[in-house]
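Undergrad: Could you put together the complete structure from these sequences and hints?
Chains A and B, in that order, are what the protein sequence lines are.
First residue of the first sequence: 1, per the working numbering; consecutive thereafter.
First residue of the second sequence: 1001, per the working numbering; consecutive thereafter.
To be clear, the hints were calculated from the coordinates, so they are not data collected in a lab.
Keep in mind that the hints are not guaranteed to be accurate.
[Stated by the list, open to error] Covered, in the sense of this in silico footprint (three residues per stretch, anywhere, with C-beta under 8 Å from a C-beta of chain A), are these stretches of chain B:
#: 1; region: 1007–1017
#: 2; region: 1030–1040
[What the hints assert, rightly or not] Below 25 Å or equal to it, Euclidean Cα-Cα: the simulated BS3-like pairs (lysine-lysine) are:
#: 3; chain 1: B; residue 1: Lys1164; chain 2: B; residue 2: Lys1082
#: 4; chain 1: A; residue 1: Lys60; chain 2: B; residue 2: Lys1003
#: 5; chain 1: A; residue 1: Lys120; chain 2: B; residue 2: Lys1006
#: 6; chain 1: B; residue 1: Lys1006; chain 2: A; residue 2: Lys60
Glycine included, each C-beta is placed from N, C-alpha and C at the ideal position.
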Amino acid sequence: MNLWKDFNQGIVRENPVLRLMIGLCPTLAVSNNAINALGMSVAVAFVLIGSNLVIALIRKITPDEIRIPIFLIIISTFVTVCDYVMQAYTQALYQALGVFVPLIVVNCIILGRAEAFAYKNPVLNSVLDGVGMSLGFTLALGSIGVIREVLGAGSVFGIPLFDERIAATIMILPPGAFITIGCIMAFLNKMENKVL
Amino acid sequence: MGKIIKLGVTLGVFCVISAGMLAYVFMMTGPRIEANAKASFDGSLREVLPGAESFKNVAAPGAKSEIYEGYTGDKAVGLVVKVAPRGYSSEIVMLVGVDPELRVKGMKILSQRETPGLGANVEKPKFQKQFIGKGVKDTIEPKKDIDAITGATISSRAVCEGVKTVLKDSEQYRKAKP
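TA: Structural data, given as C-alpha cells:
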C-alpha cells in the first residue's frame, strides 16, 4: 500500500512541475516541441531513478554534515554518464537538447527528491518514488510540449497538421510556456475541487 | 579535528568512486562520440556538395573561413566553405557548397540559436533554395534578390552576408591557386 502511494504521488498529486513547481527551468526551455520534451524526460528519468537508488543505498553510511556534497557528486556522475551515452548513441536528440542535458545537474527535482525522499526511505520506495516523479515530469512536459507544438508550429512530433502560417508563434516562444503551464495548472485545480 | 578528517576522507572516497565510473564510461563512449562528430560533419559536407566523394581541408590566403576542397577521384569538383555570420541572437554557423564555376550548389545550417518560429526558419529549405545558383557577380540582398523571412530581417540578412563571404573567399582561393 505504502509502495503504491510512493509510486503514484509524483504523477498527479505531487506532480513536480504542476504541483510542487520545481524543475521549471528545463520545462520552459525544452517544451517547445513534443520530441524535445520527451527526450528531456527520458534523460531526467534516468538521472532521477539512478540517483534515488544510490542515495537510498548509501543513506546509512552518509554522514549528515556532508550529505549535500555527496548527493551532488552522485547526481553529477549520473548526468555526465547520461551526457556521454546520449552523445554516443542518440546524437540527433543530443543536439536538440544541447546545453540542457548538463543542466539536469541543477534541476531541483533531483536534489529535491534526494533530500526529501531518498535520504529517508528504503531503496525500493525510493526507486518507485523516482519512477513516479519521472512519470509525472514526463506527463507534464509531454502535454506542455504537444500543446505548444500544435498551437505554435501547427505540427505534432514533427508531423505537420495544418498550415504553419496560421499558427501562433508566441506559443513556441518562452511566453507560450508560461501560458500553457498556467492553463494546465488551473485545469488541474478545477478538477481537484470537483473531486473533493 | 578527527571528525573533519573522517568527513574529508568519506567525501574523498565518493569522489574517487565517481571519477572511476566516469573514466570507464568515457572510455566506452569516447571513440563513438568522436566518430559520430566526424561522420556527421562529413555527411554535411557531402550534402552541400553532391557528387564529391572526399574532402580536404585547404588553407586560403587572406580568407578567414574554413575551406574544404571536394574531389571525385582526383578531380576537384568544387569547394565547401564554412562561415558563421552574426545573426539576431547567435552566430549562424553554415556550410555552403560552391561548384567550379563559383556558383552556390547547396547550403546547410550547422547550428544557430535564432528566435524559434522566426529567425530559426533560416533552416527551412524554402528559404535556402533561393541561394542555389547565385554567383560571385550576383547581388544577394534580402528583400530584393532574396525573399527575407517575415519578422526575421536580421537573420535573413546574416545568411545573405554569409553566402557573400563564401563566394568572395572561394574566388580568392581560386585566384591564389593556379
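Undergrad: A separate judgement is required for each hint: does it hold in the structure or not?
TA: Checked hints:
Residues of the region 1007–1017 of chain B with a Cβ under 8 Å from some Cβ of chain A number 5, which satisfies the need for three, so the listed coverage holds. For a cut-off of 8 Å, the count of residues in the region 1030–1040 of chain B with a CB near a CB of chain A stands at 5, and the three-residue condition holds. The straight-line distance between the Cα atoms of Lys1164 (chain B) and Lys1082 (chain B) is roughly 12 Å, inside the 25 Å bound, and the hint therefore holds. Distance restraint check for Lys60 (chain A) and Lys1003 (chain B): the Cα-Cα separation of roughly 17 Å lies within the 25 Å cut-off, and the hinted pair is therefore satisfied.
With a C-alpha separation of about 22 Å, the suggested pairing of Lys120 (chain A) with Lys1006 (chain B) holds against the 25 Å cut-off. Between Lys1006 (chain B) and Lys60 (chain A), the direct Cα distance comes to roughly 15 Å. Compliance with the 25 Å bound is thereby established for this hinted pair.
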